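Novice: Residues per chain are reported as follows:
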Amino acid sequence: MKINALTLAVAATLFTTPLWADTPKSGGDVVVTYQNDVATLDPAIGYDWQNWSMIKSLFVRLMDYKPGTTELVKSLAEDYSISPDGLVYSFTLVKGVKFQNGRELVASDVKYSLERTVNPKTQSPGAGFFSSIVGYEDMTAGKSTSLDGVKVVDDQHLTITLSAPNATFLHIMAINFASVVPKEAVEQWGADFGKHPVGSGAFRLADWKLGQKLELVKNPDYFQKGLPYVDKITFEIGQDPTVALLRLNKGEVDIAGDGVPPAQFLQFKNDPASKPLLVTGNQLQTGYVTLKTTLPPFDNLKVRQAINMAISKERIVRIINGRAVPANQPLPPAMPGYDTQYKGLPYDVEGAKKLLADAGLAKGFDTELYVMNTDPQPRIAQSIQQDLAKVGIRVQIKSLAQANVIAAGSSKDQAPMVWSGGMAWIADFPDPSNFYGPILGCTGAVEGGWNWSLYCNKALDERAAKADAMARPEQQAERTEAWKKIFIDAMADAPWVPVFNEQRFTVRSKRMGGDDALYVDPVHVPVNYDYIWVK
Amino acid sequence: MLPFICRRVGYALLILLGVTFITYLLLFLLPADPARQIAGRSATPEVVAAIRAQLGLDLPFYQQYLNYLGNLLHFDLGRSYIQRTAVSELIGSRLRPSLELMAAGIGFELLIGVSLGMLAALKRDSFADKLLMAFSFVGVSAPQFIAAMLFLYFFAVQLGWFPLGGYGGASHLMLPALTLGLLGSGWYSRMVRSSMIEVLHQDFIRTARAKGLSRARVVFVHLLPNAIVPVIPMIGIDIGVFMGGLVVVESVFGWPGIGQLAWQSIQQVDIPVIVGVTTLSAVAIVLGNLLADLVIPLVDPRIDIKQH
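These protein sequence lines are chains A and B, in that order. Heads up: the first sequence runs through residues 1 to 535, numbered per the numbering used here. Heads up: the second sequence runs through residues 1 to 308, numbered per the numbering used here.
In case anyone wonders, no lab produced these hints; they're calculated from the structure. Quick caveat, the model's predicted, so the values are computed rather than measured. Every residue gets a Cβ at the ideal spot worked out from N, C-alpha and C, and that includes glycine. Mixed in with the good hints there might be a few duds.
Example chain B residues on the side facing chain A (calculated, C-beta under 7 Å, incomplete) [claimed, not checked]:
no.	residue
1	43
2	82
3	84
4	94
5	164
DEER-style ranges, computed between Cβ atoms [claimed, not checked]:
no.	chain 1	residue 1	chain 2	residue 2	range
6	B	60	A	515	53 to 63 Å
7	B	135	A	349	39 to 49 Å
8	B	60	A	121	21 to 31 Å
9	B	137	A	363	52 to 62 Å
10	B	16	A	191	21 to 31 Å
11	A	137	B	89	34 to 44 Å
Next comes chain A alone, as it looks inside the complex (with noise of 0.2 Å):
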């Protein structure tokens, strides 16, 4: 049969039409509205979830993440090697990045950076990510004022020296406080640096007028060619949640970056009008219930074992109107090394009777339980001291703030019991040991430390150390593997209740291109500016 030429034409249109739809086109601009004020765009300080992509997007650093997902890639390094023995990191930078006022990006920049970070001058939140690097210990202490451990060896070639191998290195070179900042800015800003920032990345701030709004506008000299799509981003600051959604409604407001007021949630959910705007992602976040270890009679195993059988996590997960997932580990499922086979232990309220009657306490026993007063952490408190009364443990209440739910966690004779929720741990990077060592290992169960369980195992503190030595690339499945079973043995001892993994939710408006994890970027928190487009 002959084939009509324009038939294959028409054919040919079809096929291709669809892929046509999801290429991104340039241009546009953007407006995102949320409620608090972007506290700060110092990449140094910055450290809440709000401003996290904005900093991404304003600066760059050597090593970045795939968009939409938690697998590392090279950015500003455009090549980098690692010696046999794991210590030392030889970065090749991109040739011809520039910084917003002009001048060229050079290693020199990488290390002031750093050492800015590190420098107790700054206040820098995130100064102790980078404790293995050679001369931190001196610089946090004042005697110098320089990291031995960067070298420039040119402008476009680095190497950094760590004490010990350490795994997670390049995911420490991809978080925020590793951005390449220009020194002649900051000392011309000061402490203002934070409203004033120049760096290089695919946007640069316009305007910043405080408690109103900013303007972020592309950076024609962005060294990735293509990027960002869109123009101009506006982030109108001060508007309640409810409002931006009937906005965005009315096409004024392209993504409500606070998403939707749990309570209206489930309308919005099940409007068919309104349900194809929401977006749905995982974070690497978990919500727990601490027990104190050391504090009687939670340092007896059937009781925190009987704790874990006797409440009801679907409960809980009703009550926040089905925004997250049951948990049974520590680790979120998005985090490698995450058990999909680890089937943890049920919820079985005859077997936790049973369990604290061999345990002696057949009769309950009287306790606290601490938790952040912002809804919906006390009505969360209030089903778990249901559960807990079912099988005769008497829960009293604590609500307080978040601050002194905080400080009395870590106290060794306060906060028996802590639901995390508000305050719930979430990955600072996506490997599994930034969620050991704060909340379940020794260095964290001190006085001020995160580890309110108090629990501390030496022997799983030393197989971490291992496995966080395992650098080298070939000795990442083997690392995941051994991580796995930490976190598995670390839940035989049952230091916590491991209760839900919360769910982030994105609104974004029908004009809003790009892929829908891109909204709910892991990484780039909350959305990741720099790939979304307008259709």
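The hints should help you fit chain B onto chain A, whose structure is shown.
Specialist: Using the frame of chain A, we list chain B on its own:
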């Protein structure tokens, strides 16, 4: 007059001193540790200790307070723990919108409140009077958040007469100011009504009518200036309240005023900002009352405040 003003300013400074002291003391006693807050959750104990030393948080209370007062005299209100910006800059950027909203809000409150109160007084005990008083009752009892959301939904979303919140010119200011005016007018209308009724019974009003003066002239030239006197201190207090921050209205309409800043800083326990906003509130109340006291003799020359 000058010694009077100087005395009042002197008292005002004493009051402000007391306010800053109490606020600073209360926040100092809070168990929250600002150094740990700034250091973040990944900080080592050394980092926290370094920050504490840098911010002078390990000094005894009186020394910290005196340092703060010293800076205050240079208009340096410290730096926010969360936003790392000068508090004076944070407050300064929100001052103008707050003042605009305050002026427009009080303006509408007076316009609506005084007219309704006058009407109610002149038509006292009639059905109109009862209706107007019921309206004022509803106005002051209505939860601000619900009323604001309803107005926004009705006038901005459904009817489209106003923009959906935000900061800008008169059209953006209208809806929040009207909301405040309608909700707050109740206080003024009731006060004006009772004050007017009291003046209506006075002999000189009867004399004025007997002289043949028109109703309008009697009401506006003779009644109103006498009846309005109790309202003026209320305006003074209102100025203070507005400057303290209208958290709810600002939040719903996205108005970048001091209220939003106050609410955020309280939630995050951002001590320098809290102390700054409280001090500003106190200044506003003191100034408002001083202004009210200075205006009263202009309205009623019989009152000689210099005696007080």
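Novice: Confirm or reject each hint.
Specialist: Hints, verified against the model:
1. 43: OK, holds: residue 43/B within 7 Å of chain A, min 6 Å.
2. 82: Constraint on residue 82/B satisfied, holds at 5 Å.
3. 84: 5 Å, holds
4. 94: 5 Å, holds
5. 164: Since the shortest Cβ distance to chain A is 5 Å, the answer is holds.
6. 60/B with 515/A: 53 to 63 Å: The hinted range 53 to 63 Å holds for residue 60/B and residue 515/A, with Cβ atoms some 56 Å apart.
7. 135/B with 349/A: 39 to 49 Å: For residue 135/B and residue 349/A the Cβ distance comes to about 56 Å; the hint is violated.
8. 60/B with 121/A: 21 to 31 Å: Once the Cβ atoms are compared, 24 Å apart, the range 21 to 31 Å for residue 121/A and residue 60/B holds.
9. 137/B with 363/A: 52 to 62 Å: 55 Å, holds
10. 16/B with 191/A: 21 to 31 Å: Once the Cβ atoms are compared, 27 Å apart, the range 21 to 31 Å for residue 191/A and residue 16/B holds.
11. 137/A with 89/B: 34 to 44 Å: 36 Å, holds
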